[in-house]
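Number of protein chains: 4
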Amino acid sequence: MSKAIVCHAPEDLRLDTFETEALGSHQLAVRVAYGGICGSDLHYFRHGGFGTVRIKEPMVLGHEVSGIVSAVGSAVTGIAAGQRIAISPSRPCGQCQYCQKGHHNHCLDMRFYGSAMRFPHIQGAFRESLVIDASQAHKLNDTLSLSLAALAEPLSVGLHAIQRAGSVFGKQVLVTGCGPIGVLLIAGLRRAGAARIVAVDVADAPLVCARAMGADETINLSTSPDGLAPFAANKGVFDVMFEASGNDKALRSGLDVVTPRGVIVSIGLGGDSTLPLNQLVGKELELRGTFRFHEEFAVAVRFLNEGLIDGRPVISHVIDFDQATHAFELAGDKSQAMKVQINFGADKVST
Amino acid sequence: MSKAIVCHAPEDLRLDTFETEALGSHQLAVRVAYGGICGSDLHYFRHGGFGTVRIKEPMVLGHEVSGIVSAVGSAVTGIAAGQRIAISPSRPCGQCQYCQKGHHNHCLDMRFYGSAMRFPHIQGAFRESLVIDASQAHKLNDTLSLSLAALAEPLSVGLHAIQRAGSVFGKQVLVTGCGPIGVLLIAGLRRAGAARIVAVDVADAPLVCARAMGADETINLSTSPDGLAPFAANKGVFDVMFEASGNDKALRSGLDVVTPRGVIVSIGLGGDSTLPLNQLVGKELELRGTFRFHEEFAVAVRFLNEGLIDGRPVISHVIDFDQATHAFELAGDKSQAMKVQINFGADKVST
Amino acid sequence: MSKAIVCHAPEDLRLDTFETEALGSHQLAVRVAYGGICGSDLHYFRHGGFGTVRIKEPMVLGHEVSGIVSAVGSAVTGIAAGQRIAISPSRPCGQCQYCQKGHHNHCLDMRFYGSAMRFPHIQGAFRESLVIDASQAHKLNDTLSLSLAALAEPLSVGLHAIQRAGSVFGKQVLVTGCGPIGVLLIAGLRRAGAARIVAVDVADAPLVCARAMGADETINLSTSPDGLAPFAANKGVFDVMFEASGNDKALRSGLDVVTPRGVIVSIGLGGDSTLPLNQLVGKELELRGTFRFHEEFAVAVRFLNEGLIDGRPVISHVIDFDQATHAFELAGDKSQAMKVQINFGADKVST
Amino acid sequence: MSKAIVCHAPEDLRLDTFETEALGSHQLAVRVAYGGICGSDLHYFRHGGFGTVRIKEPMVLGHEVSGIVSAVGSAVTGIAAGQRIAISPSRPCGQCQYCQKGHHNHCLDMRFYGSAMRFPHIQGAFRESLVIDASQAHKLNDTLSLSLAALAEPLSVGLHAIQRAGSVFGKQVLVTGCGPIGVLLIAGLRRAGAARIVAVDVADAPLVCARAMGADETINLSTSPDGLAPFAANKGVFDVMFEASGNDKALRSGLDVVTPRGVIVSIGLGGDSTLPLNQLVGKELELRGTFRFHEEFAVAVRFLNEGLIDGRPVISHVIDFDQATHAFELAGDKSQAMKVQINFGADKVST
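Chains as they are written, first to last, in this note's numbering: chain V, 226 to 576; chain H, 226 to 576; chain W, 226 to 576; chain U, 226 to 576.
Next up, chain V with everything else stripped away, as it sits in the complex (with noise of 0.2 Å):
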């Protein structure tokens, strides 16, 4: 038996308690240890969903979680009880025509943990013990917390992002919104050699935390009496731009400040958008959707383990499991919190 955050209705969390699963012989059984909510699961909790996509059935939330192998199935080698290990959310099926393409994160069949986006729901992985396959295990270091390995999710999405944009490598880059994925996406650019990393936002605290990660300048867009402006000169000075704010003006305001053909990331799942079209043609601009990740998941795994990239700035809460309603609270003030993690306690016992 086993307890996990359960989301019944829009502000409405509870504890459940399930039974445990069975291991299957290609499976771990894994005690979890950390999860960080996402923006995904806050939506959840306070709205029901987002877009079309509404909670229907109670959903277990969270896809972010580190953990300690408790038991190891039959046909599993190469790893043993006791393991840290950081855990991938993304079960592709491996045989619909994207993943034979190699585009797993488009899969037709794709099992993501805590999404209403199929019904039944993809159960989450908010929960005190979980049973995974075993190549969704990505083994720690002894140097990485398991706090901090529960960034390899969101640090994964940074990440794909910047594959979505071609090559960072000498290049000028701008970041708009600098929220957990925001800063940890800049860190991924200083590693991937952005020559230079201009970061905004409209509160400063966020920019603090991009400065800490990597970014060269940082604006405060509310405060600045210039902006962008200086950064439209010669038809704009961007190579790159990610957009990670959700807001539609942020997005328009790129277009003036990214060069021609430069390229400019979307990674928030907003609503319409309303974009002056023509700008986007005379510039011959390239506007780029990116959706969760890949292969990306083992190399933010390497990343941390190696110390090539920290993410001690980003966690700015770690909150007991039985208070999961607040610590959902807190992840939703933008004022005080950046990453907000969950502790479920696993290594209280044997880390």
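The hints are all genuine.
Which copy is meant is left open, because identical chains are indistinguishable; a pair holds if it fits in one copy or across any two.
Subject to a maximum C-alpha distance of 30 Å in a straight line, what follows is the list of computed DSBU-like cross-link-like pairs (lysine-lysine):
(1) 474 x 508
(2) 508 x 281
(3) 460 x 364
(4) 281 x 559
(5) 281 x 228
(6) 228 x 364
(7) 559 x 508
(8) 326 x 364
(9) 460 x 474
(10) 474 x 559
(11) 326 x 460
These are calculated hints, taken from the structure and not from any lab test.
For chain V, the structure is supplied; the task is to place chains H, W and U on it using the hints.
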């Protein structure tokens, strides 16, 4: 002395007389043969411009022209009087940061015929005689008529749009909007090895032309019961979509039928467009602008010269120079006109 | 019971009799119609293999085949007995690391007809009847003959080589070596929008075929006084070169005439090759291998079905099944043979 | 009057005296601070050239230099006397077909310091004072020493090699050859986000430097029992290989350990190389040359300025100007030297 078609104000076209320009050492004097009326010419004629681009002084229209060389500058080699040519309307500076990157269509000092984007405006090519830089001249084969040669410019726009899409070879392609640019683009797509070309419009006549130019399937969205719905299966079947209608709805409908990681090339210089950004993000689509052309002009002339693209179905009317206003009115009537060309008379004399 | 063309040793072909295979639920039984003799078939026939690949047990040859469906497995839908098809010889596993990246032609468990790369060898398709996976069958239009349909496989090799080159649209292209692969590649290049195709060989007959398939210019290097020298101006004029002769000298000569940053695609599976690496470095050339195909097979069938590529000039001989050894000897005589096909007799009965 | 290091013949270096050049309106006069000895300088010194490139008249050597501005041309703005700078040795014409494509390193009229590729040769930068185009000057931060700044040029070579590889972000990378170019390349790879960098050489000292510059693993191929064999599993594990040793065997060994569709970038300007072409074809590898750099120079200075790349482990010796021959002899002794720099004395005065 020679005459030119000058737009003084909306619906005010005049045949004004100009001094013959002096011939520079690296230049050619040309008698103009045929000139095709483009959508931007029409916008100047009807509305005095488009978006923020407005005519502020009388401007010679036109940029799709062919002609016959009448005199050769002292430093020019390899071309003689009497040579039949297609004339590129694009004169980038070669020095600015964009020219030095090979992005000449974004030149900071571009002089493109018949454009009010700058002030003083760049005067156009709808005139009886013209002095051009030798580098603007592209020789014609004997087998190619001067009328067909004047399609080189709009064909170049289509070829550049295809380059912007990346490769279309072996791909499933959708074209929305079958005006002159759309159907020349379709001819380019067939030549570029698209495996399947589906063309849509809201009228039948353009679709007949689209088939003649190489479309495999055509759909009249105003009469088809299903429209594009059958193409939305499994997240969409088209690898690439070209939006050449300038219609917001067309762009939106494409988001349903373009496959994940697919590319949408937007050709039209419309105004604001409202897009469901979450769909672009979730499917990781790429929306790319395309604007004019550069090296594609030479390729367009080659394809026409070698008969690899046959433009005959596109030219619906050829009207004499002195009936210019009639020609413009006709060009604006989509129920009967595809490409309307003006005959400037050069080939009455010598071809 | 059905007969097959089996290579027991160099120059030792036999018509052996095999039990009819059982028909699985996702499979089709097929009467084979035509089979083209490929260079690798010839190597097995003449030398027992190539490089380190050697026949170690009797092996049915052949992988370029068309046929007629004679029976349909219980789980197969959308195809009926009597259907005329081209048959893909490629059966990747779909599970390994390369299949999951969309690189199926590098499958770690590939079963490609008539290949001694593995042991036990993968038996080939030169047999009267065959049981195939339903996914290997590609339907033919009524307008396409079964003989032409058997060109789908070598055409796929050419189309994949073009994909490997990146885009050839609007480019200047050189093809060295005009055997069956070379000339089908040329047809693909014309269809893919190459602006200019120069083909070279050391004999006249293949060059005649190259012109028929779409080459703009042909040069017989054994008789031309200048060879490729005129193309070396300004560091070289070709954007892309395809080396399909397997001749070391051809590859070296290409380094002189390919433009800086140009691409050389090498198709032939030759042995060691000595290259002036400093030239490749100084001009920043790219030498890329190409091997077999994957999704290009469907595109090849489509191009043949729609008449977008006409393979008739390529087929020089069609020989009856019972004269297989004669057919192989003929295929090896480059002075008279282009593609030699074997008629397995299926269409005598039902088409 | 100022002195320069002139190569008159193999092993014949002299300090000759030159007239001070006139200062053009768009130029800067510079006192040279430090100059790094490059492999090509060494080839001129030892052998009078490499391949077909031979010294035919006395030539000033050197192209890796930093300095201090001493006078400013009348039309130059934004820079003042006393400014510390890195100097790009590359002066493309800006007009030829390659410059107009953005491929300036292939300029048909390139004037690159200290190169005998043309005659008259382009004189080099190992001199006490120099007149440069203002566009060659790249300003240094106060925190960057003039000695480290002289690494900008070889670092640019490495950064350009990385650009030639496409993206290395998140990739497994092999570097063969850990001379100054190899180790600066490794620093670039770490900055460009390579997930894992394996460096090999045949001596220990360069491998120590490779680790200091960011390699994850190093292998001395002359002493390791297994060499690269463990990396050949499943057709090879490296996504990208950089060949910086100029050794034929290194290139061949790479073909075994680079994954199908992997990229091999060859940096060395060696002579003929014998390759197993069938392996390149069968695995669809890409062998790409890389030559010098263009826009990467500015990026290199930025990375050095910002401390994003630390070149200190690379500089093994700094030798005074008047001991130039000793400096060149030292630079040729791989057992003790990594990068050897010559101190021209500019910073004794003013920094």
